[in-house]
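> Residue numbering for the sequence shown follows the working numbering, starting at 21 and increasing by one per position.
I should point out that these hints are in silico values taken from the structure, not numbers from a laboratory. Glycine residues also receive a C-beta, built at the ideal position from the N, C-alpha and C atoms.
Straight line, CA to CA, 30 Å or less: simulated DSBU-like cross-link-like pairs of lysine-lysine:
no., residue 1, residue 2
1, Lys518, Lys238
2, Lys525, Lys247
3, Lys519, Lys541
4, Lys562, Lys247
Beta-carbon label-pair distances, calculated as ranges:
no., residue 1, residue 2, range
5, Glu204, Gly452, 56 to 66 Å
6, Asp185, Asn408, 13 to 23 Å
7, Arg286, Val25, 35 to 45 Å
8, Asn425, Leu667, 53 to 63 Å
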Amino acid sequence: MDTKVLEKFCPWAREELIDAVHNRCIACGLDEAGRTGAPRGSRIVNNAVLTDDELTQRDNLITLIDELGYEAFLEREAYTWFNRFAGIRYMELHGYLPSRVRMFSAVDGSFDPECLRAVGELDLPDLDRNRALDLAAEGSDTELFRMILIAQCNQLADALPAVFDHVDDTDALMLPDGLLIPGEHNVLQHLVTDIPEKAWDDVEILGWMYQFYNANLKADFFKSKRKAAPEDIPPATQLFTPDWIVRYMVDNSLGRLWMLNFPDSRLCERTNAENPADRLMEYYIEPDEEHEDVIRISGPEDITFCDPACGSGHILVYAFKMLMAMYEERGYRQREIPELILTKNLAGMEIDERAAQIAQLALALCARNHDRRFFGRGIVADVRVLKNIELSTDELPESSALVINKHGDLLESLSHLGEIGSLLTVNEGELGCLRDDAEACAQVATETSDVLLANTAEKLTEARNVCETLSRRFDVVVANPPYMGGSSFNPFMSKWMKKNYPDVKSDLFAAFIVRIMDYAKDHGEIGIMSPFVWMFIGSYEKLRNKLIDEKTVTSLIQLEYSGFAGATVPICTFTYHNSHIDGYKGGYVRLSDFVGATVQAPKALEAIHNPTCGWFYRADATTFHDIPGSPIAYWLGYGAHRAFQKLPKLDTVIDARVGLINGNGSRFLRRWSEVSFSKIPFDTVPGKENAEKWVPYSKGGDYRFWYGNLEYVINWENNGWEIINDNYDGTRPRAHNFNGSQAFKAGITWNSISSSAFHCRYIPTGFMFDAAGPLCEVLAPEKLPYVLGLLSSSLISFLLEVINPTLNFPPGYINCLPFADAAGREDTVTHLVDQCISSSKLDWDSQETSWDFMRSPLI
21 MDTKVLEKFC PWAREELIDA VHNRCIACGL DEAGRTGAPR GSRIVNNAVL TDDELTQRDN
81 LITLIDELGY EAFLEREAYT WFNRFAGIRY MELHGYLPSR VRMFSAVDGS FDPECLRAVG
141 ELDLPDLDRN RALDLAAEGS DTELFRMILI AQCNQLADAL PAVFDHVDDT DALMLPDGLL
201 IPGEHNVLQH LVTDIPEKAW DDVEILGWMY QFYNANLKAD FFKSKRKAAP EDIPPATQLF
261 TPDWIVRYMV DNSLGRLWML NFPDSRLCER TNAENPADRL MEYYIEPDEE HEDVIRISGP
321 EDITFCDPAC GSGHILVYAF KMLMAMYEER GYRQREIPEL ILTKNLAGME IDERAAQIAQ
381 LALALCARNH DRRFFGRGIV ADVRVLKNIE LSTDELPESS ALVINKHGDL LESLSHLGEI
441 GSLLTVNEGE LGCLRDDAEA CAQVATETSD VLLANTAEKL TEARNVCETL SRRFDVVVAN
501 PPYMGGSSFN PFMSKWMKKN YPDVKSDLFA AFIVRIMDYA KDHGEIGIMS PFVWMFIGSY
561 EKLRNKLIDE KTVTSLIQLE YSGFAGATVP ICTFTYHNSH IDGYKGGYVR LSDFVGATVQ
621 APKALEAIHN PTCGWFYRAD ATTFHDIPGS PIAYWLGYGA HRAFQKLPKL DTVIDARVGL
681 INGNGSRFLR RWSEVSFSKI PFDTVPGKEN AEKWVPYSKG GDYRFWYGNL EYVINWENNG
741 WEIINDNYDG TRPRAHNFNG SQAFKAGITW NSISSSAFHC RYIPTGFMFD AAGPLCEVLA
801 PEKLPYVLGL LSSSLISFLL EVINPTLNFP PGYINCLPFA DAAGREDTVT HLVDQCISSS
861 KLDWDSQETS WDFMRSPLI
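Using the sequences and the accompanying hints, generate a full structural model.
See below:
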């Protein structure tokens with residue numbers, strides 16, 4: 021889908037609707053000034069005398085504004101009307117409105133609501149037909165349109181209560197003015213004229229609209245660099261999953277479960293459906309061989325499928341399509357299937373009420389596509405909104421099972437459920453206590469007519485229902501979990517993650533990978549989209565080991581570094597079987613050579629359907645343990661595996677360490693040209709007392725091989741006394757990593773963070789070294805040139821990318837590289853490296869920034 025129009029329209033519509041609701045508030049005296057000048061109970065507002073009904077409506081809105089806050093109230097009313105407008109627009113174009121009369125446009129597609137010209141044909145229960153006909157005769161289109169629109173929303177509320185709800189008189193006051201007046205601020209007009217009707221063919225449009233609607237909120241949060249408040253988490257972590265990735269995940273989880281149970285199924289024949297939207301199993305990767313380790317089902321009604329972070333429901337929508345095909349293949353009648361899918365198969369969880377509304381709407385529209393009477397059946401999709409439940413031990417009776425068994429942590433988690441969402445794990449003991457307390461409190465409250473206890477019983481019942489939802493297990497779990505790093509966590513979230521997910525506490529997505537293992541049944545199928553850092557980075561090694569040793573990676577697609585539009589992180593998508601299958605060879609697709617988001621899907625398809633293409637691999641995940649840190653290096657050949665297995669590690673011949681953190685560079689660092697050159701001791705050696713204040717200092721720099729980037733000196737007077745002992749004002753980190761035993765030794769250095777590939781160079785004696793430029797001491801000094809040559813080779817670059825495909829090169833990764841001896845060619849390598857160092861030094865010294873500069877090479 022081409023989303024450029026939506027990307028422009030939706031953020032603009034949000035701002036316009038917020039302004040429109042604000043203007044309605046001004047008209048009703050509900051803005052800050054209006055509420056101050058005419059507080060609750062005021063009979064006269066803006067020089068108008070209110071009726072009793074109008075007074076009640078206004079007081080109710082003031083109560084709501086006081087509860088939410090004015091800005092949040094505007095936001096809520098704006099998105100409520102945006103969702104209604106989008107839903108009605110989709111339905112009018114698909115002929116789903118019960119009256120079959122367009123609400124916003126004419127049959128020719130122009131912005132000219134057909135409903136105004138067909139009042140007599142409207143079948144809207146809440147519409148006062150006589151009044152509507154009178155308004156039509158009078159030509160009072162503005163009032164007539166408001167009346168019809170509200171009646172239409174009320175009719176749809178019975179079938180789609182999560183999105184439309186009943187528009188009471190209070191809510192109707194916030195319906196924006198000027199909806200029929202053409203102009204640059206008319207959201208309805210632009211909804212009709214700016215977004216091509218073709219774009220509404222697939223229900224996927226609703227998810228894209230929701231993401232772009234929140235685009236400015238998301239950008240503002242990341243720009244602010246603040247810790248995430250509860251209201252920040254939904255817009256900051258929402259990311260609409262591209263259709264091809266959704267298909268890949270569902271094909272290789274739900275589709276895989278079906279094909280393993282019914283190998284003669286013709287589901288895979290749907291890959292060539294004439295309409296692309298009808299295609300199924302395009303991205304299915306055949307298992308490497310037959311195996312029996314699978315959940316056994318007798319038919320589609322047995323399958324349970326969940327997305328525990330469902331957002332606007334894109335994954336659930338495609339799962340619906342696949343389940344429809346499964347039911348049809350088994351001979352079910354088409355109009356019976358949608359109800360079965362929504363009541364037996366699909367479930368979703370979400371902390372964002374607005375996104376959950378879109379998910380429920382999208383699933384209802386899918387159902388309506390196959391059952392024209394679906395809206396009258398009273399079926400609501402199982403998408404649960406996880407909201408805070410404020411329940412403390414203080415309001416529970418002393419006999420409470422929760423109090424006696426000290427389940428205060430659960431109650432605290434429930435009070436933050438809108439933040440942690442489906443990450444919450446509830447054990448049987450906690451669930452049993454909730455059930456007992458809910459039943460006991462409800463019984464006592466009924467017997468004693470205790471209002472406070474009745475309120476507590478309601479909250480306990482709600483908590484029990486939520487925890488029962490969180491305790492369910494499913495045959496298939498597929499998710500694009502939220503992405504948020506620990507640096508954005510608020511204090512509660514940071515503490516909660518460390519306690520509940522200590523091995524993956526640094527990121528929400530990694531915690532979800534672990535939590536989803538429990539949502540899936542043993543031998544269930546799982547699909548996930550996430551950043552691919554977990555595949556390589558050391559902090560995720562425990563997660564990798566869990567996936568390798570306890571689960572079975574069945575397939576994985578690693579996108580090119582910039583291959584995902586809309587995210588600033590490199591992405592992968594993968595599926596795994598929720599138990600371990602010995603010797604299983606998963607299918608892997610590596611797209612790193614194909615730049616850009618537009619080519620990722622076609623190249624993934626090409627690899628799946630042509631495994632000899634060169635970027636499709638088969639690998640047994642247990643072989644990843646051959647490599648230090650167990651990176652998911654599926655493309656690595658036999659020779660490289662042998663190198664890691666058989667050769668000694670580089671740390672047997674080197675000692676690589678992180679350098680000095682000086683704590684205050686502006687105080688302790690200078691360029692060599694800023695101090696007296698004659699007093700810089702270039703001959704300092706380990707163990708020699710240094711009488712001068714400034715000594716040479718190596719600290720990274722530009723991309724450079726062999727020699728150079730020697731520009732700084734550091735205050736190391738009295739062996740660094742001032743840096744070590746007088747360098748903390750409470751605002752900066754303390755100086756550390758002095759590594760005195762390494763100081764002033766000759767060795768090899770590199771940039772710990774690079775803008776390109778790994779590159780290293782020789783550093784002579786006499787230098788302190790920095791964290792940005794670690795030092796690698798060669799334990800046998802005569803081997804230094806050979807080790808430098810080895811580290812500068814393409815082989816080491818290749819192997820380093822295997823264990824750490826980032827631009828960050830801490831010494832630990834260097835230490836664990838394999839070391840190959842010279843096989844009798846050490847003198848040759850040493851000679852070549854000495855020449856490279858000499859040439860690079862000549863080049864460096866030809867610049868005036870070098871302290872050995874003599875004259876320009878041009879003279």
